[in-house]
Structure formats: C-alpha cells, structure tokens
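Trainee: So the chains spell out like this:
4 protein chains.
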Amino acid sequence: MSSSHRYTLSLSCPDRVGVVAAVSGFLAQNQGWITEANHHADASAMRFFMRQEILADSLSFGIEALRDKFAPIATEFDMDWQISDSARKKRVVILVSKQEHCLYDLLARWQSGDLDIEIPCVISNHETFRGFVEWHGIPFHLVPVTPENKPQAYAKVEELFREAQGDVMVLARYMQILSPELCANHPGRIINIHHSFLPSFVGAKPYHQAHEKGVKLIGATCHYVTSDLDQGPIIEQDVIRVDHSDAPEDLVRYGKDIEKAVLARGLRYHLEDRVLVHGNKTVVFR
Amino acid sequence: MSSSHRYTLSLSCPDRVGVVAAVSGFLAQNQGWITEANHHADASAMRFFMRQEILADSLSFGIEALRDKFAPIATEFDMDWQISDSARKKRVVILVSKQEHCLYDLLARWQSGDLDIEIPCVISNHETFRGFVEWHGIPFHLVPVTPENKPQAYAKVEELFREAQGDVMVLARYMQILSPELCANHPGRIINIHHSFLPSFVGAKPYHQAHEKGVKLIGATCHYVTSDLDQGPIIEQDVIRVDHSDAPEDLVRYGKDIEKAVLARGLRYHLEDRVLVHGNKTVVFR
Amino acid sequence: MSSSHRYTLSLSCPDRVGVVAAVSGFLAQNQGWITEANHHADASAMRFFMRQEILADSLSFGIEALRDKFAPIATEFDMDWQISDSARKKRVVILVSKQEHCLYDLLARWQSGDLDIEIPCVISNHETFRGFVEWHGIPFHLVPVTPENKPQAYAKVEELFREAQGDVMVLARYMQILSPELCANHPGRIINIHHSFLPSFVGAKPYHQAHEKGVKLIGATCHYVTSDLDQGPIIEQDVIRVDHSDAPEDLVRYGKDIEKAVLARGLRYHLEDRVLVHGNKTVVFR
Amino acid sequence: MSSSHRYTLSLSCPDRVGVVAAVSGFLAQNQGWITEANHHADASAMRFFMRQEILADSLSFGIEALRDKFAPIATEFDMDWQISDSARKKRVVILVSKQEHCLYDLLARWQSGDLDIEIPCVISNHETFRGFVEWHGIPFHLVPVTPENKPQAYAKVEELFREAQGDVMVLARYMQILSPELCANHPGRIINIHHSFLPSFVGAKPYHQAHEKGVKLIGATCHYVTSDLDQGPIIEQDVIRVDHSDAPEDLVRYGKDIEKAVLARGLRYHLEDRVLVHGNKTVVFR
Numbered sequence: 001m002s003s004s005h006r007y008t009l010s011l012s013c014p015d016r017v018g019v020v021a022a023v024s025g026f027l028a029q030n031q032g033w034i035t036e037a038n039h040h041a042d043a044s045a046m047r048f049f050m051r052q053e054i055l056a057d058s059l060s061f062g063i064e065a066l067r068d069k070f071a072p073i074a075t076e077f078d079m080d081w082q083i084s085d086s087a088r089k090k091r092v093v094i095l096v097s098k099q100e101h102c103l104y105d106l107l108a109r110w111q112s113g114d115l116d117i118e119i120p121c122v123i124s125n126h127e128t129f130r131g132f133v134e135w136h137g138i139p140f141h142l143v144p145v146t147p148e149n150k151p152q153a154y155a156k157v158e159e160l161f162r163e164a165q166g167d168v169m170v171l172a173r174y175m176q177i178l179s180p181e182l183c184a185n186h187p188g189r190i191i192n193i194h195h196s197f198l199p200s201f202v203g204a205k206p207y208h209q210a211h212e213k214g215v216k217l218i219g220a221t222c223h224y225v226t227s228d229l230d231q232g233p234i235i236e237q238d239v240i241r242v243d244h245s246d247a248p249e250d251l252v253r254y255g256k257d258i259e260k261a262v263l264a265r266g267l268r269y270h271l272e273d274r275v276l277v278h279g280n281k282t283v284v285f286r
Numbered sequence: 001m002s003s004s005h006r007y008t009l010s011l012s013c014p015d016r017v018g019v020v021a022a023v024s025g026f027l028a029q030n031q032g033w034i035t036e037a038n039h040h041a042d043a044s045a046m047r048f049f050m051r052q053e054i055l056a057d058s059l060s061f062g063i064e065a066l067r068d069k070f071a072p073i074a075t076e077f078d079m080d081w082q083i084s085d086s087a088r089k090k091r092v093v094i095l096v097s098k099q100e101h102c103l104y105d106l107l108a109r110w111q112s113g114d115l116d117i118e119i120p121c122v123i124s125n126h127e128t129f130r131g132f133v134e135w136h137g138i139p140f141h142l143v144p145v146t147p148e149n150k151p152q153a154y155a156k157v158e159e160l161f162r163e164a165q166g167d168v169m170v171l172a173r174y175m176q177i178l179s180p181e182l183c184a185n186h187p188g189r190i191i192n193i194h195h196s197f198l199p200s201f202v203g204a205k206p207y208h209q210a211h212e213k214g215v216k217l218i219g220a221t222c223h224y225v226t227s228d229l230d231q232g233p234i235i236e237q238d239v240i241r242v243d244h245s246d247a248p249e250d251l252v253r254y255g256k257d258i259e260k261a262v263l264a265r266g267l268r269y270h271l272e273d274r275v276l277v278h279g280n281k282t283v284v285f286r
Numbered sequence: 001m002s003s004s005h006r007y008t009l010s011l012s013c014p015d016r017v018g019v020v021a022a023v024s025g026f027l028a029q030n031q032g033w034i035t036e037a038n039h040h041a042d043a044s045a046m047r048f049f050m051r052q053e054i055l056a057d058s059l060s061f062g063i064e065a066l067r068d069k070f071a072p073i074a075t076e077f078d079m080d081w082q083i084s085d086s087a088r089k090k091r092v093v094i095l096v097s098k099q100e101h102c103l104y105d106l107l108a109r110w111q112s113g114d115l116d117i118e119i120p121c122v123i124s125n126h127e128t129f130r131g132f133v134e135w136h137g138i139p140f141h142l143v144p145v146t147p148e149n150k151p152q153a154y155a156k157v158e159e160l161f162r163e164a165q166g167d168v169m170v171l172a173r174y175m176q177i178l179s180p181e182l183c184a185n186h187p188g189r190i191i192n193i194h195h196s197f198l199p200s201f202v203g204a205k206p207y208h209q210a211h212e213k214g215v216k217l218i219g220a221t222c223h224y225v226t227s228d229l230d231q232g233p234i235i236e237q238d239v240i241r242v243d244h245s246d247a248p249e250d251l252v253r254y255g256k257d258i259e260k261a262v263l264a265r266g267l268r269y270h271l272e273d274r275v276l277v278h279g280n281k282t283v284v285f286r
Numbered sequence: 001m002s003s004s005h006r007y008t009l010s011l012s013c014p015d016r017v018g019v020v021a022a023v024s025g026f027l028a029q030n031q032g033w034i035t036e037a038n039h040h041a042d043a044s045a046m047r048f049f050m051r052q053e054i055l056a057d058s059l060s061f062g063i064e065a066l067r068d069k070f071a072p073i074a075t076e077f078d079m080d081w082q083i084s085d086s087a088r089k090k091r092v093v094i095l096v097s098k099q100e101h102c103l104y105d106l107l108a109r110w111q112s113g114d115l116d117i118e119i120p121c122v123i124s125n126h127e128t129f130r131g132f133v134e135w136h137g138i139p140f141h142l143v144p145v146t147p148e149n150k151p152q153a154y155a156k157v158e159e160l161f162r163e164a165q166g167d168v169m170v171l172a173r174y175m176q177i178l179s180p181e182l183c184a185n186h187p188g189r190i191i192n193i194h195h196s197f198l199p200s201f202v203g204a205k206p207y208h209q210a211h212e213k214g215v216k217l218i219g220a221t222c223h224y225v226t227s228d229l230d231q232g233p234i235i236e237q238d239v240i241r242v243d244h245s246d247a248p249e250d251l252v253r254y255g256k257d258i259e260k261a262v263l264a265r266g267l268r269y270h271l272e273d274r275v276l277v278h279g280n281k282t283v284v285f286r
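Residue numbers (full-length UniProt numbering), protein chains in the order written: chain A, 1 to 286; chain B, 1 to 286; chain C, 1 to 286; chain D, 1 to 286.
It should be emphasised that the hints constitute simulated quantities derived from the structure, not laboratory data.
Do not take every clue at face value.
Same chains, same names: a pair is fine if it fits in one copy or spans any two.
[Stated by the list, open to error] When the alpha-carbon atoms are kept at most 20 Å apart in a straight line, the in silico EDC-like pairs for lysine to aspartate or glutamate are as follows:
#, residue 1, residue 2
1, K281, D246
2, K98, D114
3, K281, D250
4, K98, D116
5, K205, E76
6, K205, D114
7, K98, E249
Nothing here was measured: the structure is a model prediction, and the numbers come from that model.
Let the sequences and hints guide you as you build the complete structure.
Mentor: Written out as structure tokens, the structure reads:
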C-alpha cells in the first residue's frame, strides 16, 4: 500500500451535530485509512471546517467513485467541498518582475521535489529572468505592462494562465497591481506575497514606511489576491527583528528572507488543500 | 447551553480503520456537540491519538454515564483513555525554592482566572515565599531538604501532595532532584521546567554551560519528570537570542522570561488534556 | 574596584569627525575604564548617538566633577547629554487598572532585584490591587477616573508623581488615555505598553481588531507616551503566533505574555539609559 | 564622497584604558569619518574587541598608508588586527554535494548583488549542480570523495582553493568531513552549516536524532570548521518550531529553510569582518 498516494477531502458547512460522524462513518465503511485529520468549529460563524487525508490504496475504488459516493453526504450537510488527488501535480504559474529571491527559492524547491508541482510557465514584465527560467526547461513569457496597455496585458496574462491550465497563480514579487477582472475571475487561486506585516504599511514602499515609523520588527504577508489592494484573506505571516542601525535598504534586504519563506509556506498550505477561506479570513490546517 | 462546561475525551490506541467513525458516531448518536477535535496517526508506531471537546449540556446525561457508555468502544479498540470535566478544577501543587519568577507568574495567572485551577498548597525547601503565598490565601509548607534527609523529605512532599489531593505537581524552579520513588509513583503528573534547550546542557548551571559554549540562543524545556534526570518526555520548549555581550548572569536573567513562559504553556497543555505521552515523547494538541 | 558601580554617559549631537576621539580621549585622560560602548551614526539625519558605561571607581573624582569636566566637550560638539549613576536607583511609578499580568511581572523583577529600582508608589483607578501592592510594602493610591473628573484626576496623578520624585511613569495596562498636558510635561518619561503590533490596530480592543482581520501573529508595543494616541516613539515590540482556532479571548490571553515581556524589556532599556529619542524614533543600544 | 567605499578596521587586544582613545584619536587626526563602530570588553578574558567602518574618501591617503600609519598603535596595544577594503570583493569558494537549497540561496544573493562577492568556483563531489553553476558563468570542479581517496581529494580541494585565491571556503551542505590538515591550514576561513542547534545532535542525521528525542524546535548552526567535528566557534544559530505530526522527512524539509538563512547570515557577518574569534567563541558585531 503506497503511503504517498493520498486523497485529500476538504470541506466546510454549517455546524451541527453529526458532521464528523457522517464523514468518518462513510470513510470507515469503505475501509478508508485516514492519515491526517483536522477539524475547526467557528463558534461565532457557526460553521464547521474539516480536512481529511486518506490513503488512496485503502479504498477499493478511485477518486471519481469516491466523489460520487460522497456527494449525497455533501448535499445532506450543505457542504462546500473538494477532493484532490496527490498523484495529480498542481500546476503553478509564477509571475515575477526583476527581483530574484522568491523565484530562485521556488525553483530550488521545485528542482529538488520538495514542492511537488508542475510549473507550466513563468510570466514576467521584464526579460531579466528569461535565461534562468528557460535553463530550468520552463517556458518564459514576456508580457510588458505599461500605464497604457494594462487591460490588454492582463488579458494576455489570463490567456497564458488558461492555456497553461494553471491551478494557481503566484505573484512572486510581481510588483504590478492586477486588474479587478483578473482578480475576480480567480478567487482563492491567486497568491501574493506582500512585503509588510499587514495590515500595517499597505501599498508602495512598505519598508520605507516601516523605517520612517521606527518599528522594531518588519514582516511579510502571504495572502489571496482580491480586487481590494493588499486586503485579501491572509494565509501566512512572519516577522524579523530590525533596529535603529538598519537603513531602508537593509530592511529591503532582510525582508527578502522573510518574503520568500512566508510565500513558500503559504503556497505549500494552499497546494496541500490546507487553506479554507471563509469571508475575508482563512482556516489554515497546518 | 453553557459554552464553557465541557467534557474532554483524550485517548490513544493501535491505529486501524474505524476509530474516528466509532468515536464520532457514538457522540453524534448522543447529540454530543464537538467544539474542538484533534487527531494524530503515528505512522511508525502505528498508534492513533485523539482529543475531543464536547459541550457538556449537549448530552442528556452526565460524565459518569458518558464514561459507562463509552467504555465498550474503548475496550473494542484497546484504548488508553480518559474523560475529564471542565467543571472540576484541577489541583496543582507548586514546589519552589528561592527563585521568584515562575511562582509570581503562576499566581498571577491563577489570581486572574486565566489558569482555572485550584492551588491547594505550595511546598518549598526555603521560607522565602511563605508570606507571599500565604497572602494569596494558599497554604505554604516548608520541607527542608538536606543531603541527609532526602528520603524523609520526599516522603513528606509525597504525603502533602496526597493530602492535597493534587492532580499535578509543578516544579517551578524547585532546584532539587526528586527521589526516583516519587518520580516513579506519579508518571505524567510531575512537570518540571529545565533552564536549557534540552538535550543541550543537562544538569547543573546550564546557562554557564551555554555561555562557555558560545551559543547564540538559549532556551528552556518543560517536561514530565522521570527518574532519569532531565530526560523525561518534552512538552514545550522555546528559545531567546543572546550574544557575546551577555555574561552568564545576563543569560540567567533572560532565561527567566523563557522559563516562566514555557512552563505556563506546558502546564496549560497538560491541564487541558492536550498532552498524550507515548514512550518518551509527547503528542501535544495545541 | 567595584565592577557594578558605573556611570553611564549617553548623548547625541550633530555628526562630525572627532566626536568619539574627544569623548574617549577625555575618558582615557582621566583613567576612565569603559565597560560598554555603543555608537550610532544616522546618515540621513546627520546625527551621532553614543552611550558609554564607565567604572565609577576608575575615575579619581565623583559624578559631579565628571559632569563639570565633561561639560566643555558637550558644549563644543553641541551635545544633548546626560550622565547617570548606577548607585542611584531610578524611581518608577506604576499605573495600573484591573489587569494583573504586567504588575505581577514588574513586582517579581523588583522583588528579586533583577530590576534595580525604587517603586515609590503604585497608582490605580481601581482598588483591585491595593492589598497586593501594599503587601509588598509599596504605597498604593486610588485615583478614580470618570468622564467628568479627568482634568482633576490627571492633575492628582501628576501631583503624586512629583511627590514621589518619580523618574519614569509606567502605564502597566492602565487602560486610560492621559491628558495632553500630562504627556507634554514629561516627554520621554512616560512609558506605555500597547496591546498590538503598532502601527496596526491603534486604539481600543486591538485583539478584537486582529481577530477580525485574521492576522497570523499578534504583538505588543512598548513606547513613550505623547499626546498623540499610540503614536509615540517605539522602544520595543514583539509578536506571538496565533491561528484560526483562537477566539478573541485567546488572543487577549496570549497577548498578556507578550505585553509583559515587551514592557519589561522596554523599561529596562529606558532605565539603563539605552534609549535615545530623535524625532519620533528611538535609538536603542541593547 | 562615496558613501559605499569603506575601510573596515577590526581588532582585539588586551583590555586597558586608552584603546578607544588611541584608535579614535588616530582616525580623527586623519579626518577619518566613522560610519559604524562597535566595541566589546570581555571582562573575564580581559580582552577588548573593536570594529570600525571608515569612509575611504574621508582619508587623504589609501589603504596601504592607513595600515602603515596604524601599525605603531597596533604594536603599542598588542593588537590582533586587520583593515579590509570594501572595494575589494572577497572570493568565496562554495563546496556542495547533492542538496540544492544553500547553493540556490547563495547564488540568488550573489546574482542580485546582495552578497557583494566573487565566486571563483564551486567544488562538488557530485555532478548534480554542474549545469546550474556553469549557467551562472561560474567554474565547477568535480572532486569525487571516496573512503580510499580522501587525502588526495582534500589535497585537490585545497589546491583549487589556493588557485582560486579564495578568501573563504563555504561548506553549503557539503556532507563530507574535511581532513584535519585542511581545517588546520585555514583557521577562521572555512564556514560550515550544521543541521542542528549545536551542541545538540552532533554528527550524522541530526534531524532523525531530533525526531527520536521529541524536541519541539529544530535548528541550524553556522560555525567555523576546526578539526574537531561540529565543535568550531559558533557564528550564528536559529530554530524553527515543529511538533508531533512532523516526520523526520518533514524536519529535513523545514530544516532547509533555517539552514540557508543561518548560513547566509553567518557568511555575511564573516564577509563584513563582523566576526572576531577568541578561543572557541566568537564576538559578532551585528
């Protein structure tokens, strides 16, 4: 029995007695071997969240049958749900600009298999990393963005994402504000890394804002992109200590370490179906 | 329906299909409202760990009936299990010596109700904190420990613990090594805070050892006491940054902040039945 | 030669060649033994900051003579400066309301001598901690604050502070907004602990704001009080990780641990003359 | 006046009155503009440590003249000292095996200029990263290491290091134990990243040791290599939280993030002459 081939069921529904019993009863009845299980009851929203990892080989049928058999329970409990298959690698389209740190970090994790994903392409508004990306055997698309061509540029980005059959779009310090349409078309599928500990220092040059304010820690925030700038549901955050001797350029440099670490963690949570969005907040089953 | 009156079921058993289904089916059948649930499957030990918080008022019967009704399931799955009642405050006996920080910290949490416990007494080998403890209305027992009287002293400590009907004994920087008998008689019920990041710097003067070694972080470890010095199952740990400018006395001072924080967290996990011991390791459902 | 009796010289001045040479030359000429020295040149403000600890017994004269002899150098370089004497304990007046954690923490540090200060009195708008404070032999003053009596109440607080010959006023979760006059009269001498990672969540109920926003870390900020609410120069900050399972009440409870730790560190920096204010920012020589 | 061209003077000497005065007097006399200064007096070792950054253009002479003029002071105070020039990039030779994370991380920092160094070559015992390294325009040398050829292999490594005129050798998860001769020949010039929080878990498979022990944090240690395995002076350390749900493979994966961050910080401190070794400990002027 392969221990690495797993199905992941994640769901949320109105909270009531019997949800866990129904789901675990269903799985037990089918000999489903649960390797990881997480639950969260949001008492104020009266909503229940659940994630189950099941050994694929413990079931006598495949994922389509699993979905079919589970559907009546989902309907009964009014669930938002999905079942994903670890054997199908998620397709991650990366958008970059001219900063290297998140791109190198993601490609290192992909190269070693630590991130078990496909990267169908990298999209950038600059040529900077074409050679680096192509050396890795990954297609690179230049989509210049100017104040004038934004609608066309983002239409092109969206077209490339669709052609690539992307599951998730990662803004790896892309430094451009996506169009509201693009954001609205892919809720919960566009992940950004913002270079501040939100909600502090929204917008441009957050490290300079942080320096001006004299804060003693700086941070980074990985969040889903919505049409509301830097306001989407937060997936992960972290901070690093700074002091008076650090110039804004030092903060930028230190910040890179936090940005890439926070983005990598947030992306992993998303890829492993550990993030359930409710309103403007997330449940993250780590 | 009171949201604060809860029963907590914690258990471990050999891992197999159907454990969760059996437990959650049982609870659902009895209208048990689960407010928090945690699971862990240890793949190498093939052992399953679970903790469920249930609203007491959601059941139509009391804790004794709950235990009776659950017992057959526990037997079927060969469970180590217990059900505790949030309405019954745990009784915490604190042992101190001459250091103030953990004692003040625990009494502050108790005074405000953040730690919802009874403190039937404080035991010490010095008179230092008699006044402080008694001012809080808590009985204080002096049990001097000398190289000669150790067996009698620890017999006295054990007698006081039993008389106090203590659930757990907390060594809040007690600075004495308990007798093997005392340790053996109360497995998983004596909690110590060791002033190093174990397994580094076992034994005496760990901060001086850390200074000598030139480490850049120092730590503290909250663990269950066994007869093997500083080797019991680890519940919680944390660290704090130091540097070359810190003398051993500075490390001692910084260390206090970590010690009291780590002890308070570890103790809380224990009191809330979040810690399940397996071999020399713990599962901590935070 | 006592290693614990020290003079601390702290200063800032316009940056130019020769400041360090002048100060260290002066000290060397008088056989001053420097045990700790810190410098910071703020390149954008063109301002220089310095702190020197000198063994008192290494000089052949006392602190008054030291000040007299140093004054010409201070004048030459246009310095803001002060020299303090470790033998004179600073007088810390603590203001509290009904929350226990910072008060217990500060008194524990004072009781053990870790904080080498005098506490001439504690002032509160509630009777809650009278017994606890007085048990420690510290005078306790009740100064009720109502919407109507604010001017008189803060005049009373100021009078008590002056009578106590306080060096610094610590708002240990005082939960009241001081009058602009009181703030303005004691710049750099009133220290507050704010229960958020400023500049996020200014004002009331920051933990509830944090919960609403879904942040993954919460924090606390120790800062000098100015008449601009929660906007004074930041001395120290720290954060702690939270997640979706934490209710606002949990954040409040976790936050206490960060608040007391951050306040204790910030206060220590202030007491040891490690904090130099420039504009709305601080230089903190840790 | 270029603000980026700097000389860095770092030194240690027996502690006595007048060291700072002599050094700063010398610099002031020559119009040397100090941009950063650090001091440390080790009271138990009676040794003084100092680091000064000076704007090169503030002096009317060059680095050789600076060294000549400073030499008499160094002699007078019996200093270990050096003066380095920011205009001369340090030459860093990287040794890798088959793990990608530290290599990608270092090359990303080098590519962007965040690490202002030359990388004359990368040496490996495997071909794994030849293509990646050469794509960056950096020479790659394969030096296979077998139980039989160790003396020759390390002689070859040393020869390549000398030919490359390397200033520092970085073991970026090289996974091989260098020969005692190689270590002895380059004290304070070989930097390793060990994948545990030393002194815990010396030797092989530290993450598996950590898992076995059930620690709640894992760490990494950047240290100078000596002939005593994993015992050289510690430059930098950090930790990351883990829990019972993490298998050894998870610890390995989390550990990579800490390893690369700690190595990058430790290397930077070394490159900027912020690390002064004394006995088996370091002073790190951050």
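Trainee: Against this structure, judge whether each hint is valid.
Mentor: Status of the hints after comparison with the structure:
1. K281 - D246: Between copies, since 13 Å is at most 20 Å while 33 Å is not.
2. K98 - D114: Only across copies: K98 and D114 sit 14 Å apart there, 25 Å inside one copy, limit 20 Å.
3. K281 - D250: Answer is between; shortest inter-copy Cα gap is 17 Å, intra-copy 32 Å.
4. K98 - D116: between (25 Å within a copy, 18 Å between copies)
5. K205 - E76: neither (49 Å within a copy, 39 Å between copies)
6. K205 - D114: Between. Shortest inter-copy distance 18 Å satisfies the 20 Å Cα cut-off; intra-copy 32 Å does not.
7. K98 - E249: within (16 Å within a copy, 33 Å between copies)
In terms of the numbered hints stated before, the structure departs from hint 5 and from no other.
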